[in-house]
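Take the sequences, apply the hints, and build the full model.
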Amino acid sequence: MVARERTGQSDYQEERIDPRARFAQMEGPLSEKLYAQMRLIRRFEEQLLERFDRGLLVGTTHAYIGQEADAVGVINHLRAGDVVFSNHRCHGHYLVWGDKPEALAAELMGRAGGLVGGRGGSQHICDGGFYTNGIQGGIVPGALGLSLAKRVRGEDAVAVVFIGDGTLGQGVLYECLNMASLWGAPLLVVLEDNGWAQSTPSHREVAGSMLERARAFGMEAGAIESTDAEAIYTHFEGIIEEVRQSVRPRLEVIHTYRLCHHSRSDDHRPAEEIEARRADDPLPKQRQRVSEERARAIEEAVEARLFEAFEAAEAQAQPAVEQLDDPLLRGMPGPQT
Amino acid sequence: MSQTVLESLNQALHRMMQTDERVHLIGEDLLDPYGGAFKVSRGLSTAFEDRVWTTPISEAGFVGVAIGMAMGGLLPVVEIMFGDFVLLAADQLINHGAKYAWIYNEKVDVPLVVRLPMGGRRGYGPTHSQTLEKHFLGAPGLAIVATNPFVDSGRLLETATRYDRRPVLFVENKKMYARRQRPIQGGRCEAMDARVSPGPYPSVSLSFGSFEMADVTLVAYGGMAELAVEAAERLLIEDERYCEVVMPTSIQPLEMDAIAQSVARSGHLVVAEESPGAGGFGAEVISALPAAAWAALRAQPQRVSALNLPIANSTALEAATLPDVDDLLAAMRRVLPTAASRSATG
Ligand SMILES: Cc1ncc(C[n+]2csc(CCOP(=O)(O)OP(=O)(O)O)c2C)c(N)n1
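So the protein lines, in turn, are chains A and B.
When the letters of the first sequence are read in order and numbered with full-length UniProt numbering, they come out as residues 1 to 337.
When the letters of the second sequence are read in order and numbered with full-length UniProt numbering, they come out as residues 1 to 346.
Don't read these hints as lab results, they were simulated from the structure.
Some hints here could point you the wrong way.
[Said to hold, decoys possible] Here are the simulated lysine to any residue pairs, SDA-like style, with alpha carbons at most 20 Å apart:
(1) B:Lys107 / A:Pro201
(2) B:Lys107 / A:Gly134
(3) B:Lys107 / A:Ala223
[Stated by the list, open to error] Derived Cβ-Cβ restraints for the label pairs, each shown as a range:
(4) A:Asp326 / B:Arg155: 45 to 51 Å
(5) A:Ala24 / B:Ala90: 41 to 47 Å
(6) A:Glu314 / B:Asp50: 48 to 54 Å
(7) A:Asp326 / B:Arg15: 27 to 33 Å
(8) A:Gln288 / B:Asp29: 44 to 50 Å
(9) A:Gly222 / B:Ala90: 30 to 36 Å
(10) A:Ala80 / B:Arg15: 32 to 38 Å
[What the hints assert, rightly or not] Per the computed footprint, the stretches of chain A lying under chain B, defined by three or more beta-carbons under 8 Å from a beta-carbon of chain B, are:
(11) 128 to 136
(12) 143 to 152
(13) 303 to 314
(14) 317 to 330
Positions of the beta carbon are idealized from the N, C-alpha and C atoms, including for glycine.
Okay, here's the thing in structure tokens:
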């Protein structure tokens, strides 16, 4: 590790990803663009799960199936310099943010060319302002700190942190809502309420009102109950701008549903409940807005892209074991070195 | 007159905030005129109003906020009011801040400093007197630096803040704040020979005789450092035996060079820490001894530590729980079994 003095000038550089600009450049009307992104997320995860079944992957993964409308509705409004802190269920968020299924697939397969060189896997990825960690609630302070650092540095950036309804049980969240409100942080907490936390339904873990919890700290809070990608997209367009302009934190709940198991093959939810919610599946809903011909073209393109992505990932080497060293033992930093 | 440790730390913070606008201070009750529970932060909120964040009582939250700030290009220094409270932030430190640089394949740095006033002997009782950094030993990615009066505490803090790209737990000692720094000049510290190892977090070695005469090596850090020097002086006066005191400031990674070289000379080792010994610093030092030092050992190493009990408020009970100069002396006499006969025969 090369020691370098941290002087008054900034040496802070991050690769900047601009989802909003990329989204603007995508071809076709809004309906097609959203469908293409959601289809990519859905098929990515289906192929991932299928590979798990074939024993090609280790560990676990939390699929986003059923919640794709949230990711496309929120993240397409973010621009270079904004940051996202996401959680265990991060693949969908990431595909909208970074749009690199190859690098994501490689990461999940523990390959050298993965987003973080195979070090993080499913729950711990990072790319140009997008960070995830697998500790429920633990990411909220970091997201708040990042939003404040950006404000201090004079950027008009927004930090978005994604949490689930189950994470409302974590105390550190409330420490952060308090500080975010006290200090005027451009932080948007997006609460994806899918009704369940692993095997525990919301009514066994969340007392009182989700919105009032945030409002008690003097924050704006709102909700949308929808799996309609366009409705969510429109809803968040104004909200993200509002957080940016007001430099105030906000909590926004999306009431949705998870159509897949929690992680791999652990689902004890009533079958009737899941069946009933299939009518809300955001993907067919969005497909209906696209002509049959365009839908097929999008689907073919997605299949081709994913085929290549997974092929390329599988062909990659495992990370070099020689790279495993203890960063603490690398040349100690210091003014003289 | 030299500065006190407190003055040195306070002036270093002033200096750093003056020269580097990325340095921000975060913690409870930092604003003037209060200036932090031990006054290390005094004057800073007046001079740098925008960069001192006085926080609610939310240790996990604000340590995590500082992690985010560090990732966002600032150089936050966190003050934990009493070091004991750092356990509330253990998840943020171990599962978040310390890991990010590595798991994200070094796409990010987390240049964070968390200042921890640790230690007892001031009657603060069981939840405000502990020395808890050992619970963070061995957390990948987390550096632990402990200051003592024989180094320039302010410069050490400045190194951790401005030059170190890792998250650093910076261990201070409450009892030490009022002590004067005891600078080393020209290879001497007062009546002692002195050596300072190279590197940003030096180990200081002291001896009342020449280093070649050392009969025993006494390793001590943080709040035990001055007690160890006192014990070394008494060993000389009472037993005519020479003790080399080695005081590392880099606790993780453990800086072993000066320790190993001293043990190779003295053949006897005593390790001191203010916390209970199990799973702690002393165990680490002993097991990290390189082969050459082991081969030189002529007696089993001794560990001096606190009793495995909470720390009482009562002065008598607190003193009995924490290791003191007598304990250090007794341990040195145990590894030097001939000491009694030698002094008896003159
Ligand atoms: C601190 C912590 N406790 C427990 C877990 C294990 N865990 C992973 S996901 C999960 C449920 C999370 O539920 P929710 O916040 O509602 O998000 P969802 O999975 O529904 O998206 C649990 C308990 C964890 N990752 N972190």
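| request: Compare the structure with the hints numbered earlier in the document and write down the numbers of the violated ones, lowest to highest. | output: 1, 3, 4, 8, 13
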